[in-house]
Amino acid sequence: MSTQTSNDRPNAAPPLIFELGQEGRANRYVEEGRPLDQFLPTSLLRDELPLPDNSELEVVRHFTKLSQRTFGIDLGFYPLGSCTMKYNPRVNDAMASKREFAQLHPYTPDEHAQGALQVMYELERSLSSLFGMAAFSLNPSAGAHAELAALLIAKKYFKDRGESHRDKVIVPDTAHGTNPASAAMCGFKVISLPSDERGRVSVEEIKKVVGPDTAVCMMTNPNTLGLFEDHIHEIAAAVHEVGGLMYYDGANANAIMGNVRPGDMGFDLMHLNLHKTFTIPHGGGGAGHGPVGVAAHLVDYLPTPYVRATPAKADATASNGRPLAPSDAMTYELDFDRPKSIGPMRSFWSNFAHAVRALAYIYANGADGLKKVSQLAVLNANYVRVKVADFLETPYPEICRHEFVASAQDLKKATGVKALDIAKALLDHGMMAPTMYFPLIVPECLMIEPTETESKETLDHFVEVLREIVETARKEPETIMAAPVKTVVGRVDETRAARQPDLKWEPASA
Amino acid sequence: MAQPADLLYSKEHEWVKIEGETALVGITDYAQNSLGDIVYVELPRVGKQIDQFGNVGVVESVKAVSDLFTPIGGEVVEINGALENDPAAVNRDPYGAGWLFKVKLTNAGETGNLLSAADYEKIATE
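Those protein sequence lines, which keep their order, are chains A and B. Quick note, the first sequence lines up with residues 26 to 535 if you use the working numbering. Quick note, the second sequence lines up with residues 3 to 128 if you use the working numbering.
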């Protein structure tokens with residue numbers, strides 16, 4: 026057992042929680058001396074698990090120290106393109122933590138969960154109206170999960186129409202990275218479509234690849250270059266003409282929210298990442314929320330349960346005998362009886378607390394506020410883009426949406442300093458690195474998304490730091506290649522981590 | 003690194019070495035350099051029929067996951083099993099120990115769709 030603490034060696038890796046503590050130190054919430062088999066069936070009791078035995082204080086210090094070694098939006102600028110790392114207002118958490126929501130059991134009968142169902146209903150209606158869809162299902166719990174749901178919907182829709190031969194999904198090379206994987210998971214064949222010299226899908230090219238075997242065309246608009254597909258109506262018409270469906274990947278919805286609607290662009294299916302656009306924290310691979318939306322002809326196929334609202338009876342009274350308040354004028358129920366539905370994508374109500382956070386954000390901003398959110402996100406991205414173009418190549422020099430791509434290709438040729446090195450150097454300045462090496466069509470790509478929640482001072486500071494890094498790279502490239510030097514954790518060996526992942530702790534004696 | 007003159011190349015940065023009725027396939031030095039440190043290679047299974055320019059596997063590097071296309075069609079008769087434990091061989095020696103798979107040719111005429119070392123050099127240095 027190690028007694029080393031990270032205070033002794035601030036830069037050394039702290040001991041694992043398994044290496045801390047000692048037998049008998051943990052707080053026992055079970056009555057002393059009462060055997061566990063009085064609580065649990067003996068078949069479930071295991072004694073071979075080497076669980077750590079830590080005091081509460083030890084656990085708190087351990088995880089607080091770990092948190093000091095990492096970085097988050099609460100600490101500094103986080104321009105991670107495609108991820109929309111905007112600030113998540115604390116009011117969202119305050120609402121989601123309310124006892125009435127947080128302690129609601131998923132098996133609570135509908136009549137005792139009216140407030141929660143109302144939240145789900147109003148979120149569903151708000152999203153439908155904001156994005157021009159007939160209806161959403163709040164069931165999927167992440168973006169790619171919702172993509173899969175949408176493709177399952179498409180598959181069932183075509184099956185019902187006797188068109189199961191449609192097995193091709195078209196994915197432009199500027200689409201979101203998860204699209205081909207979702208299509209393949211669903212058994213479709215993926216047709217990758219190269220973008221044109223303007224970084225967009227060309228109408229001529231799409232007409233060449235669509236046909237009677239086209240199932241779905243999956244697009245991200247604006248695309249991963251941050252550019253708006255200005256021929257979207259013609260593209261949608263070409264896909265619809267052969268009987269295919271248009272799918273909108275909502276990863277970049279922060280660029281358009283309240284200004285243009287995918288439904289009006291001609292999309293039949295879409296998803297939203299509430300953890301991007303609607304200020305839900307991004308968990309490290311943890312709970313997200315990805316509602317899937319559809320146009321009118323696909324509503325019956327949405328995952329269950331669907332929240333249905335019906336006007337209360339005219340003579341209805343509240344449970345205390347008083348007349349109904351306006352908010353009680355509807356009754357809400359979870360509808361599982363939808364014969365054409367693809368069924369639930371996951372258990373219960375999905376990540377319900379996220380629905381509360383998203384609705385809190387929507388109501389705090391209002392329709393005008395949400396429109397302004399997108400406009401500021403686009404303004405911030407363009408402000409940074411124009412300034413960065415002074416010292417880094419920007420391969421698509423035109424008005425972008427919420428994000429843009431810069432390339433370190435020229436810098437790499439001249440100095441050997443790569444996009445990766447620039448990203449590492451930014452960490453020394455208390456900022457998160459932009460997304461690197463994506464989209465794949467731009468060499469040495471840096472994909473920068475400042476989001477609307479950053480001030481002009483922060484954006485100016487970021488640009489100056491980036492300029493300084495590029496200038497240093499030209500004079501003394503080895504300095505940048507050695508970065509980061511000021512962070513608690515220096516440059517990590519990503520190659521070794523990927524080639525020899527060592528993720529499991531085992532006791533030394535084992 | 004110069005492209006070996008005795009190999010044929012595809013626009014997708016794969017090379018082919020014709021050895022009678024079979025051919026050895028790998029990715030070029032330019033490809034391994036652009037991808038960066040390769041951490042995993044997914045190869046087609048032995049016995050599989052593959053079509054020229056078809057997607058037959060995946061090359062994963064620290065930067066990105068990229069599709070692997072075959073520059074030549076035929077039946078896969080052997081794969082480089084050593085890459086499972088040592089994917090870095092593709093970076094170290096792309097034209098030698100880093101070979102990917104061997105195919106029994108279906109149609110030797112397909113080599114006409116490939117590039118010479120000199121023509122590939124032009125694409126790779128563009």
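No lab work stands behind these hints: they were computed from the structure. Ideal Cβ positions, reconstructed from N, Cα and C, are used throughout, including at glycine. One or more hints might be untrue.
[Said to hold, decoys possible] The calculated SDA-like cross-link candidates involving lysine to any residue, where the alpha carbons are at most 25 Å apart (straight line), are:
id : chain 1 : residue 1 : chain 2 : residue 2
1  : B       : K13       : A       : G97
2  : B       : K124      : A       : K214
3  : A       : K214      : A       : E230
4  : A       : K438      : B       : G56
[To be verified] Just the calculated beta-carbon pair ranges, DEER-fashion:
id : chain 1 : residue 1 : chain 2 : residue 2 : range
5  : A       : G187      : B       : T113      : 28 to 34 Å
6  : B       : D8        : A       : D221      : 45 to 51 Å
7  : B       : A110      : A       : R371      : 51 to 57 Å
8  : A       : A37       : B       : D8        : 49 to 55 Å
Results of checking the hints against the structure:
no., hint, verdict
1, B:K13 with A:G97, "violated (42 Å)"
2, B:K124 with A:K214, "violated (32 Å)"
3, A:K214 with A:E230, "holds (18 Å)"
4, A:K438 with B:G56, "violated (32 Å)"
5, A:G187 with B:T113: 28 to 34 Å, "violated (44 Å)"
6, B:D8 with A:D221: 45 to 51 Å, "violated (37 Å)"
7, B:A110 with A:R371: 51 to 57 Å, "holds (52 Å)"
8, A:A37 with B:D8: 49 to 55 Å, "holds (52 Å)"
Checked against the numbered hints above, the structure violates hints 1, 2, 4, 5, 6; every other hint is satisfied.
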